Amino acid sequence: MAEQKSLVSKIPSMIPGAILLLIITIISINGAAYIGPKEVFGIPKFFERVVHLNYILWCILIGMTIRNTVGIPSWAREGVNLSRLFLKTGIVLLGSLYTFEILAKLGGIAAGLIVFFVFFSVFMVMGLGGLLGIGRSMAGVLGAACGICGVSASIATAPTVRAKMSEVGYAIATILSFGVITMFLSPFIGHWLGMNAIQYGAWVGTGILNSGQVLAAALAFDPVVAPGHAVAIGEIWNILRIVFIPVVVFVIAIWYSATLTPEEKEKVGRVSLGTLIKEKFPVFVLGFLAMTVVTSLGVFGPAGVIPGTKASTAMVALRILMTDFFAIGLVGLGMFISIKEISATGGKPFYIGWFTGFVKYVLSLAAIVLLSSVLPTSY
Amino acid sequence: MAEEVKPEEAKAVEERAMTVFRDERQEDWGAIILSIILIILMLVVLYAMGLDPFKIGKVANPLQFVK
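Each protein sequence line maps, in turn, to chains A and B.
Residue numbering for the first sequence follows the working numbering, starting at 1 and increasing by one per position.
Residue numbering for the second sequence follows the working numbering, starting at 1001 and increasing by one per position.
Keep in mind that the hints were calculated from the coordinates and are not lab data.
Given the structure is predicted, the values throughout are model-derived calculations rather than measurements.
Among the clues, some could well be false.
[To be verified] Quick list of the computed label-pair ranges, beta carbon to beta carbon:
no. : chain 1 : residue 1 : chain 2 : residue 2 : range
1   : B       : Arg1022   : A       : Gly346    : 30 to 36 Å
2   : B       : Trp1029   : A       : Ala111    : 22 to 28 Å
3   : A       : Arg270    : B       : Ile1033   : 30 to 36 Å
Note that the Cβ used here is the ideal one computed from N, Cα and C, for glycine as well.
Could you build the full structure based on these sequences and the hints that come with them?
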C-alpha cells in the first residue's frame, strides 16, 4: 500500500516528461507527413521510399539525439520512464487486430520457430559461457536476455541464478546495443529482399532480442498499425516469446543448480515451474488476449480484421490510439539509447551476447526465407 | 539477490529498466488498467463528437495536423 502511494505521489513528477514525449511525437508524426512526399534527386517520396524515414524512425532518432547531446533533463526523467508502460498499453490494445482464428492460424507456425530459437539462444550462451569461463550467473541472465527479451527476462532470471545487479545491467546493455543495429538495419534488409508483412514480421519477431526493438523494427518497415501489417505479425511472435519467460527461467534455474552443493541449493531454495508461472508470467498478455476475445465477439462492431473489410469507428480510433502510444513509447526507447554506454561495454559476455544475437538474427532470416512457401501471404 | 548489491549498481539497472513501477507485474497491471481507461475515454469522446462508435466509419489522428 505504501508503494502504491509512492507511485501515485510520483504522478506530478511524471507529467513534464510525458509532455516532452508527446511534443516529440507530434513533431515526428507531422514532420514525417510533411517531408515524406517530397521529391529529392528527382525521386518522388524519396524519404518514404528510399530512406524509409517514417514517423517511427523520426521518434527514435529524435529521442536518441536528445539523449546523446543534452541528455534526458532531470525534470523529464520520471515521465520518460513511462515509455515501457505506453508500449505495453499499445500491445494490450493491439489484441484488437486479431481474432482467435487468426491467432490459431499464425500461432502454430510461430510457436515452432519461437521454441527452437529461444532455447537455441539460451543453450548457445550457456555453452559459450562455459567455454570462455564467464561465470554461471552472468551466463544465466545473458542466456535469458538473448533467448527471450533482454530487460524482462534477465530481471526475471536474476534471483534464480543469484546474479548481481551489475550482471543484469550488463546483460541488458549488451542485447540493447545489438538491438539498436538490428532495429535500423532490418527494414532495409526486409525491403531489399522484397519480404511481405508476414515474412518480415515473423523474422523480426524471432530474430530481434528486445520487445521494444521488435516493435520499432516492424513499424519502421511498415508504419501502419492495422490487421495484416508487419507490426500485427511481429507482435504475435513477440508475445509468444514473452510467454516463455517462466519456462526459460525454470530451465536456467535447473542448469544453474546442477553445480551447487546441497547447502548452496538450500540457500537458493527449490524452484517449481508452477511457482515461476505464477510469479513471472507477463500478465499484460492476458490484457492482449482479452482484447482479442472482445474483437472476436464483435463487441466494438465490425473489426475489419480480414483485409478488404471495413472497421467500425471505435476500431479505427483504437488503431490510432495504438499508433500514438507506440510512437510516444518509442521516443522514450530512443532516449534510453546511450552511445557512450554502448561503446563502454566490452569483455567476454558482450562478445558472447553479440555473437549469439548475430547467429540468431541470421539463422532466423534463413529459416523465414526457407519457410516462405509454408507461410501464408496474408490472413 | 543473494550477493551484495551496491546502491549505484541498483540505480543503474533501475534506470535501464525504464520504468516507474516497482516491478514488471505492477507495470503489466498498469498497462491493462490504462487500456481500459483509454477505451472508456475513447467511447465517451466518440459519442460526444456525435459519432456511433459501433458503426463503420473513420476518425482522424488528433496528433497529425499535416495531411
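Exercise. Do the beta carbons of B:Trp1029 and A:Ala111 sit within 22 to 28 Å of each other?
Worked result: This hint holds: roughly 26 Å between Cβ atoms.
For this session: Starting from the range 30 to 36 Å, see whether the pair B:Arg1022 and A:Gly346 falls in it by beta-carbon distance.
Result: Given a distance of about 32 Å, which is inside 30 to 36 Å, the answer is holds.
Exercise. How does the Cβ-Cβ distance of A:Arg270 and B:Ile1033 compare with 30 to 36 Å: does it lie in that range?
Worked result: This hint holds: roughly 34 Å between Cβ atoms.
Consistency with the previously given hints is maintained throughout, with no hint failing.
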